[in-house]
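Put together the whole structure using the sequences plus the hints.
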Amino acid sequence: MRREPSITDGDLLAGLKAGRPTAFEELFRRFETRLYRFFLLSHGNHHLAEDQCGDTFVALVSAIHRMRGGEEHLASFVFGVARNVLRRSRRRGRFRPTSLERAIDVADSRAGPQRTVESRESLRQAMGFLEAFDEPVRHVLVLRFVEGLMLEEVAEALGMPLNTVKSHIHRARKRLLKQIAVAESGKQAEDGHG
Amino acid sequence: MAESNDSRSADERSQEEAPLRPVLAPLASLGPSDELRGANRRRVLAALHEPQGIGCSDDAIPWWRRQVRVPLPVAAVVLLWLAASAVLPWLRFDRSPPEPREPRVAARTETPETPGTPGTPEKRQAPDRVAVSLKGDASFFLDGGS
Chain B
1 MRREPSITDG DLLAGLKAGR PTAFEELFRR FETRLYRFFL LSHGNHHLAE
51 DQCGDTFVAL VSAIHRMRGG EEHLASFVFG VARNVLRRSR RRGRFRPTSL
101 ERAIDVADSR AGPQRTVESR ESLRQAMGFL EAFDEPVRHV LVLRFVEGLM
151 LEEVAEALGM PLNTVKSHIH RARKRLLKQI AVAESGKQAE DGHG
Chain G
1001 MAESNDSRSA DERSQEEAPL RPVLAPLASL GPSDELRGAN RRRVLAALHE
1051 PQGIGCSDDA IPWWRRQVRV PLPVAAVVLL WLAASAVLPW LRFDRSPPEP
1101 REPRVAARTE TPETPGTPGT PEKRQAPDRV AVSLKGDASF FLDGGS
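Here the protein sequences line up with chains B and G, keeping their order. Residue numbering for the first sequence follows our numbering, starting at 1 and increasing by one per position. Residue numbering for the second sequence follows our numbering, starting at 1001 and increasing by one per position.
Note that these hints are calculated values from the structure, not bench results. Wrong hints could be hidden among the right ones.
With a straight-line cut-off of 20 angstroms between C-alpha atoms, the simulated SDA-like cross-links for lysine to any residue are [unchecked claim]:
| id | chain 1 | residue 1 | chain 2 | residue 2 |
| --- | --- | --- | --- | --- |
| 1 | B | Lys178 | G | Ala1018 |
| 2 | B | Lys166 | G | Glu1017 |
| 3 | B | Lys166 | B | Val137 |
| 4 | B | Lys17 | G | Arg1069 |
| 5 | B | Lys166 | G | Asp1011 |
| 6 | B | Lys174 | G | Ser1009 |
| 7 | B | Lys17 | G | Val1068 |
| 8 | B | Lys166 | G | Arg1013 |
| 9 | B | Lys17 | G | Gln1067 |
| 10 | B | Lys17 | G | Arg1066 |
| 11 | B | Lys166 | G | Glu1012 |
Derived coverage of chain B by chain G (criterion: at least 3 residues anywhere in the stretch with Cβ under 8 angstroms from a Cβ of chain G; other residues may be distant) [said to hold, decoys possible]:
| id | segment |
| --- | --- |
| 12 | 48–57 |
| 13 | 172–180 |
Computed from a predicted model, the values in this text were never measured in an experiment. Ideal Cβ positions, reconstructed from N, Cα and C, are used throughout, including at glycine.
Now the structure itself:
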């Protein structure tokens, strides 16, 4: 069940710009998990994702003054700062991408008895599918389909034209359909042999 | 008309995205550890209390320590203009043509081609020596007249 936001977006932005700790608490609540996922799905390194998550919040403390526009731009601004943190850590040589599938054990928040084998397999498949893409496409897919941003927000956060975002999604869809077709033909071949 | 176009494009978009949604949806179950949540809160609270943090607005900084942001093209133009205004006077000084020497003008206008002037041709061809030869001629004439 989704928790209702305790303060409105407008109040949140005003509170952040005024440096109110309660506003930052709310920012944590809304973005901590989403930022962590964004970083984790970028490189698969759990510890690095945690560090970068903290770096992003610290960067937001000083960067929130520079934010233009209203509260509707908050998500794209936060993910834009996260993208800059990712770039900076790559320049510093902190960026060591690992297999996304290895991150499942550490980062799966529902891991445990309630996590069924089937849902674990679907998570593994999702990570495998995502891993086939390079970074800009991967970021587009994560922000759009995991974090639920609108296309315009994705374009703003990643600093790319809207049509580029759409073409990345189109290419991902084509690849997925191709994978499904290949898997189905393989299955049919197996059934035929069996 | 525009609304129908928008709704049509939204439908097309949702159809385009339909196969991707169920594949990527399981990724939403990933989340950070509880230790991370606590650590991040502490880091941000510490950053909030730093002098460079958000609590230190521009009003609290004295005017001589405030910074302004200038767009890069504007800064580049101003720098180029300053450099040009500093360097151009020197370049102009170097390239200016040499001032005409008065004695040479005097030699062309005032040399009398009077018959019987005993000026030496070698000395007339050398411009630097014209003044000397003129003086010599003048003195010659004066001397001859007297």
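Hints versus structure:
{"no.": "1", "hint": "Lys178(B) x Ala1018(G)", "verdict": "holds, 15 angstroms"}
{"no.": "2", "hint": "Lys166(B) x Glu1017(G)", "verdict": "holds, 10 angstroms"}
{"no.": "3", "hint": "Lys166(B) x Val137(B)", "verdict": "holds, 10 angstroms"}
{"no.": "4", "hint": "Lys17(B) x Arg1069(G)", "verdict": "holds, 19 angstroms"}
{"no.": "5", "hint": "Lys166(B) x Asp1011(G)", "verdict": "holds, 14 angstroms"}
{"no.": "6", "hint": "Lys174(B) x Ser1009(G)", "verdict": "holds, 19 angstroms"}
{"no.": "7", "hint": "Lys17(B) x Val1068(G)", "verdict": "holds, 19 angstroms"}
{"no.": "8", "hint": "Lys166(B) x Arg1013(G)", "verdict": "holds, 9 angstroms"}
{"no.": "9", "hint": "Lys17(B) x Gln1067(G)", "verdict": "holds, 19 angstroms"}
{"no.": "10", "hint": "Lys17(B) x Arg1066(G)", "verdict": "holds, 18 angstroms"}
{"no.": "11", "hint": "Lys166(B) x Glu1012(G)", "verdict": "holds, 12 angstroms"}
{"no.": "12", "hint": "48–57", "verdict": "holds (count 5)"}
{"no.": "13", "hint": "172–180", "verdict": "holds (count 5)"}
The structure shown violates none of the earlier numbered hints.
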